[in-house]
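*Asks:* Sequences listed follow chains U and Y, in order.
Just so we're on the same page, my numbering is the position in the first sequence counted from 1, plus 819.
Just so we're on the same page, my numbering is the position in the second sequence counted from 1, plus 15.
These aren't lab readings, by the way, just hints derived from the structure by calculation.
Wrong hints could be hidden among the right ones.
Each computed DSS-like pair below joins lysine-lysine, with the alpha-carbon atoms no more than 27 Å apart [stated by the list, open to error]: (1) Y:K167 x U:K939; (2) U:K835 x U:K939; (3) Y:K24 x Y:K167; (4) Y:K345 x U:K835; (5) Y:K364 x U:K945.
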Amino acid sequence: MIAESMYQELILEHYKHPQGRGLRDPFDAEVHHVNPTCGDEITLRVKVDEGKVLDVSYEGQGCSISQAAASVLHELATGSTVEESLGVVDEFTRLMQGRGQVEADEDVLGDAVAFAGVAKYPARVKCALLSWMAYKDAVVRSA
Amino acid sequence: MFDVDLIRKDFPVLSRELPGGRALVYLDSGNSSQKPNQVIEVMRDHLANHYSNVGRAHHTLGAESTAAYEDARDAIAAFVGAPSRDEIVFTKNASEALNLVAYAFGNPIATDERFRVGPGDEIVISEMEHHSNIVPWQLLAQRTGATLRWFKVTDEGRLDLDDLDDLVNERTKIVSIVHQSNVLGTVNSVSPILARAREVGALMMLDASQSVPHMPVDVTELGVDFVAFTGHKMVGPSGIGVLWGRRELLDAMPPFLGGGEMIEAVWMDRSTYAPVPHKFEAGTPPIVEAIGLGAAANYLTGIGMADVRAHEKTLTGYALDALGEVPGLKVIGPRTNISRGGTISFTLKNLSGDDIHPHDVGQILDDAFGIAVRVGHHCARPLHLRFGIPATTRASLYLYNTTDEIDALARGLHHVQKVFG
Numbered sequence: 820m821i822a823e824s825m826y827q828e829l830i831l832e833h834y835k836h837p838q839g840r841g842l843r844d845p846f847d848a849e850v851h852h853v854n855p856t857c858g859d860e861i862t863l864r865v866k867v868d869e870g871k872v873l874d875v876s877y878e879g880q881g882c883s884i885s886q887a888a889a890s891v892l893h894e895l896a897t898g899s900t901v902e903e904s905l906g907v908v909d910e911f912t913r914l915m916q917g918r919g920q921v922e923a924d925e926d927v928l929g930d931a932v933a934f935a936g937v938a939k940y941p942a943r944v945k946c947a948l949l950s951w952m953a954y955k956d957a958v959v960r961s962a
Numbered sequence: 016m017f018d019v020d021l022i023r024k025d026f027p028v029l030s031r032e033l034p035g036g037r038a039l040v041y042l043d044s045g046n047s048s049q050k051p052n053q054v055i056e057v058m059r060d061h062l063a064n065h066y067s068n069v070g071r072a073h074h075t076l077g078a079e080s081t082a083a084y085e086d087a088r089d090a091i092a093a094f095v096g097a098p099s100r101d102e103i104v105f106t107k108n109a110s111e112a113l114n115l116v117a118y119a120f121g122n123p124i125a126t127d128e129r130f131r132v133g134p135g136d137e138i139v140i141s142e143m144e145h146h147s148n149i150v151p152w153q154l155l156a157q158r159t160g161a162t163l164r165w166f167k168v169t170d171e172g173r174l175d176l177d178d179l180d181d182l183v184n185e186r187t188k189i190v191s192i193v194h195q196s197n198v199l200g201t202v203n204s205v206s207p208i209l210a211r212a213r214e215v216g217a218l219m220m221l222d223a224s225q226s227v228p229h230m231p232v233d234v235t236e237l238g239v240d241f242v243a244f245t246g247h248k249m250v251g252p253s254g255i256g257v258l259w260g261r262r263e264l265l266d267a268m269p270p271f272l273g274g275g276e277m278i279e280a281v282w283m284d285r286s287t288y289a290p291v292p293h294k295f296e297a298g299t300p301p302i303v304e305a306i307g308l309g310a311a312a313n314y315l316t317g318i319g320m321a322d323v324r325a326h327e328k329t330l331t332g333y334a335l336d337a338l339g340e341v342p343g344l345k346v347i348g349p350r351t352n353i354s355r356g357g358t359i360s361f362t363l364k365n366l367s368g369d370d371i372h373p374h375d376v377g378q379i380l381d382d383a384f385g386i387a388v389r390v391g392h393h394c395a396r397p398l399h400l401r402f403g404i405p406a407t408t409r410a411s412l413y414l415y416n417t418t419d420e421i422d423a424l425a426r427g428l429h430h431v432q433k434v435f436g
């Protein structure tokens, strides 16, 4: 069963019990991103203060991969600095776009390393990246 | 005598093994069908032994290629009951065929009143259309200021004809609807809409991409004005599609694409055009693909389209029963095996009642069981919006599918519910 390498227990856990879900006030920027090929969508807000990410809140619909990725993103970004979190986004993007050939840096990615298997499925990479790209966009707009 | 085991032997891919030793269960023919040896071999032979350009190469190979290409036109004309071979226009797909007709309207070159479109005129489609039978008409409405209107779809997945007399009226220039829905499986009843179109003097087109591969279709019996379909869904190759149109209308329409072989004579400031169908076939066509499509039509005729339809009807009934027993599964489209084809789209919940996203359904079916289905909105987003769902999982059946494969699908869905339970 090849799928088991993609549907890691950690991904299913985040999917079933999403962390930080729901849109919250206050926020500095709100973005709405969609994946036109599958209709997945996410609305995401960030609250930033003096270079620190105070909250990442979100609401969306989509497959387990896209929803779990948003949940993991919330955990990793909230409480970190903007700079650190963008470093994680870059590393996650590199992993996702690496067609399964890229070795993930677990020190940087933490739980997000569980998505490594997704990189082997080109059709699903966008699912994993949806919320992360939305976050990057929101941080830029919040500045 | 229809024998599915013998038919399966014609399709080499059906006996291949997927990575990890999985057998292939191909339930995605509504997306694109597989190809039999009878088509593959004709195309290979043509490329190996006869290939040249058609229409303009005056040598032996050119003559052989031209003869094979035009024979394919005859095969298609016979396959769909066209009164004349000249009414069969080869396009690259059904989308091009639909666009070709849409661009004939509101074109200043067109002098025929039936193709004049402007503000106040109306175009009628339906909510169950594939994007290829929506967007070309939206573009036409935008170019000309005409109004786009549409039939609604009932909760059961049928066309709602209650508004027929209002929707199709003396302002209507063309009605273009799908013959068999690529999501719901619904086979639409053409005659009441056609009767109303005739009453008000509107033209009527059918997107038959999902019907021509699966049932006997006779364009003369249907009585509409234009029919579009595509090769790759009817065991033929991709890159080739067909527009059938009434000769008299095709003659009245302006050319679509300009280029080689669509002309009669060219001066620097003007041209005259070749008679149909060549008027609409600019440039070197997909030669081997057309020949392959002719072979596909002959293959299906050899089996018998009535038998193909009967086999699929049996399978569809079996599948509706089997899927009906999966808890949390909801079929989007007719639940009764009447006036519907073998395309079954559905949503799935886990045993706690939470939605399982179609992408997750499709991924597990493929990775764990080798079952190929389609997931997403199937190029019919407005229809999904109408049902208030972002996406569905779709199993689409064809002449080579078996009840064993439907059993495999049902087992696979139970497993999906366990993974996302």
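*Asks:* Each hint needs a verdict: does it hold in this structure or not?
*Replies:* Evaluated hints:
With a C-alpha separation of about 41 Å, the suggested pairing of K167 (chain Y) with K939 (chain U) is violated against the 27 Å cut-off. Proposed proximity of K835 (chain U) and K939 (chain U) is supported: the alpha carbons are some 23 Å apart, at most 27 Å. Pair hint K24 (chain Y) plus K167 (chain Y) does not hold up; C-alpha atoms about 42 Å apart against a cutoff of 27 Å. Note on K345 (chain Y) and K835 (chain U): the hinted pairing holds, with a Cα-Cα distance of about 22 Å set against a maximum of 27 Å.
With a C-alpha separation of about 23 Å, the suggested pair K364 (chain Y) and K945 (chain U) falls inside the 27 Å cut-off, and the hint holds.
The structure fails to meet hints 1 and 3 from the earlier list, while all remaining hints are met.
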